[in-house]
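**Q** Take a look at the letters that make up each chain.
Protein chains: 2
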Amino acid sequence: MRFNKELDQIKTYEAGKPIELVVREFGVAPEDVVKLASNENPLGTSPRVAETIRAHADKAHLYPDDSMFELKEALSRRFGVPEETLIIGAGSDQILEFASRVKLNLSASVLMSRVTFAMYEIYARQQGATILRTEDWRHRPEQFIPMMEEHRPEIVYLCTPNNPTGDAMRREEVFEILDASDPETLVVVDGAYMEYAAAKDPDFALEPSELLEYPNALYLGTFSKAYGLGGMRVGYGIARPEIVRALMKLRPPFNITTLSLAAAITACGDNAFVEESIRLHREQIGRYEAYARERGFDYIESYTNFITWRFGEELDSSEVADALLRRGVIIRDLARYGLNALRITVGTAEQNDRLFAVMDEVLG
Amino acid sequence: MRFNKELDQIKTYEAGKPIELVVREFGVAPEDVVKLASNENPLGTSPRVAETIRAHADKAHLYPDDSMFELKEALSRRFGVPEETLIIGAGSDQILEFASRVKLNLSASVLMSRVTFAMYEIYARQQGATILRTEDWRHRPEQFIPMMEEHRPEIVYLCTPNNPTGDAMRREEVFEILDASDPETLVVVDGAYMEYAAAKDPDFALEPSELLEYPNALYLGTFSKAYGLGGMRVGYGIARPEIVRALMKLRPPFNITTLSLAAAITACGDNAFVEESIRLHREQIGRYEAYARERGFDYIESYTNFITWRFGEELDSSEVADALLRRGVIIRDLARYGLNALRITVGTAEQNDRLFAVMDEVLG
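Those protein sequence lines, which keep their order, are chains A and B.
Under this note's numbering, think of the first position of the first sequence as 213, with each following residue one higher.
Under this note's numbering, think of the first position of the second sequence as 213, with each following residue one higher.
Hints are supplied without guarantee of correctness; some may be wrong.
Since copy identity is lost for identical chains, a pair holds within one copy or between any two.
[Said to hold, decoys possible] Computed cross-link-like contacts, DSS-like style, restricted to lysine-lysine with a CA-CA straight-line distance of at most 30 Å: (1) Lys-271 with Lys-217; (2) Lys-412 with Lys-271; (3) Lys-284 with Lys-271; (4) Lys-284 with Lys-412.
Because the hints were derived from the structure by calculation, they are not lab data.
Keep in mind the model is a prediction, meaning the values are calculated, not measured.
Generate the whole structure from the sequences, applying the supplied hints.
**A** Here you go:
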């Protein structure tokens, strides 16, 4: 059967290996598997959210309120933005997909950093668009701006903080790019890890309301990371109503589940959990920095809930990742991103203990 | 900002009005609102599923197993089909979207019945395809086949049982259309309500394994109706591996939630709940047929969990729907489908009592 030809170019996303697979493949006992590969919140699910889910468990047969009235109201209050600037997605991922589908086609192009979130390319390829990347893996305005001027891409992706490297853009760098952008170029500012950056250094913190000053900016946020709802698939986009109306044309009805909607509404009012997540992270990340220094390899200063260790010639990230996996520790190898590096979610004290112990074993 | 021009034609789906809205707009007490508008399972959530959800409530921070190994295994066993013929979607809706995106573009066309599930048209319009419809609201092979031969549509939609009319195609009618189809035409057989049809009359029951005989058939099923998981968004597609591989290219990672995956796995083994749902439905639907006869209006013989009442000139479906709504009873008016008819989910005995009492009030 014939299918649309732009599909030929699509690589599918490789998800972090599930714990069950490591148990099956390497015979590690499930309780000994530590997964630090998907940037899930090591604090777990907020007890308040878990209570909401239990209270709604017998409502699984009911469709959610498709207007998402209550969640939009909560987000509108939290960010001080009008409700018509909001769209809710099944993860901020889904809003990336909508953005790709409203702006891109076979003659379009997109611009992104050399190393950044894999879904930008995948969604752009689904539309048959041309992928342009800057030379550096850091987001550098001096590389973005000339390429924007030369190619007039339909979408520019700024992932700040950036996944999978963990670095972030300074506020003024983001605004520099926005100021230089063509109003027909959609500038996506993906703040999936923004809560961690904002808590670390206000120079790296962006408010969605500031981006609404620009007619062509789309801010993305998520409940998957600091809010601990990765498995529930809820994210949001904030942009001028003209953009939101276009994205809404592609939103399928009931795009988040009844339980996800209830969970996100509770999470919105659960700042204590976010603060505790950030506190745990700050307490633990120093250990990863110290371990790298001790072992003589590099790390990227992190503005996220994970850290990226960069190896020199003495170590091969794929070999280290594989050796860790066989011992039941799942992390993310960045070889396929062209980096000799590992991305590791900063876990609980116990999970991190385990990772360091297994690393010691592997490195000898 | 400019957007892809095919978006100009898109109408968005109108979801059934949520209970909260009726409370807000008409001042009806929440406990007095009866919603029979969205074909949700009146039995509620299966107690076994609710227990699974409660047991997984503290796993909301974890991404689901993206291979959906266990759910695919369960479906593979249930239908006697190989796992590589299966794809899981956020509702069968999402698989409709994938199908539309793999086959359609600005020069494509799709064929469907005059009155059928609204999302077929919406997803086709998102791709800019031309919409063709048969003259009759029933699915008639003698209307489908000549139009297929004339227009060679990229997709043909057979919704059986059909939503929003409730009628179904005989097995041999489906096979007649498949036999006459061009192998390049994807024939989508949407069996969202198949469990109800199969329980009523084997002449209307299709098995996915039979459709795998055809290189161009895609069967869709869902957990939203007989399995009572409407709010969890889980559906599935079954087709030849070549088709599944193409659809999989558009599946975003983690397209169903961690709790939805767990719920669907439990639901798969919960036949007692499905049987009880069907039993309740059969016990109650006769009351709707009798009420229509008593009041002198028509109904469409139903193979689903809802019934469609058709009015003659003496009644206007929009007026009746509105009068019911003001009294707190939410049903679906089919005026926008070109029918002077109401679609009503067959509820519990108590919900149906309420509907008949309010209808008596409205009709006088």
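**Q** Confirm or reject each hint.
**A** Each hint, compared with the structure:
| no. | hint | result |
| --- | --- | --- |
| 1 | Lys-271 with Lys-217 | neither (42 Å within a copy, 39 Å between copies) |
| 2 | Lys-412 with Lys-271 | between (39 Å within a copy, 27 Å between copies) |
| 3 | Lys-284 with Lys-271 | both (21 Å within a copy, 24 Å between copies) |
| 4 | Lys-284 with Lys-412 | within (27 Å within a copy, 43 Å between copies) |
Hint 1 from the list above is the single one not met by this structure.
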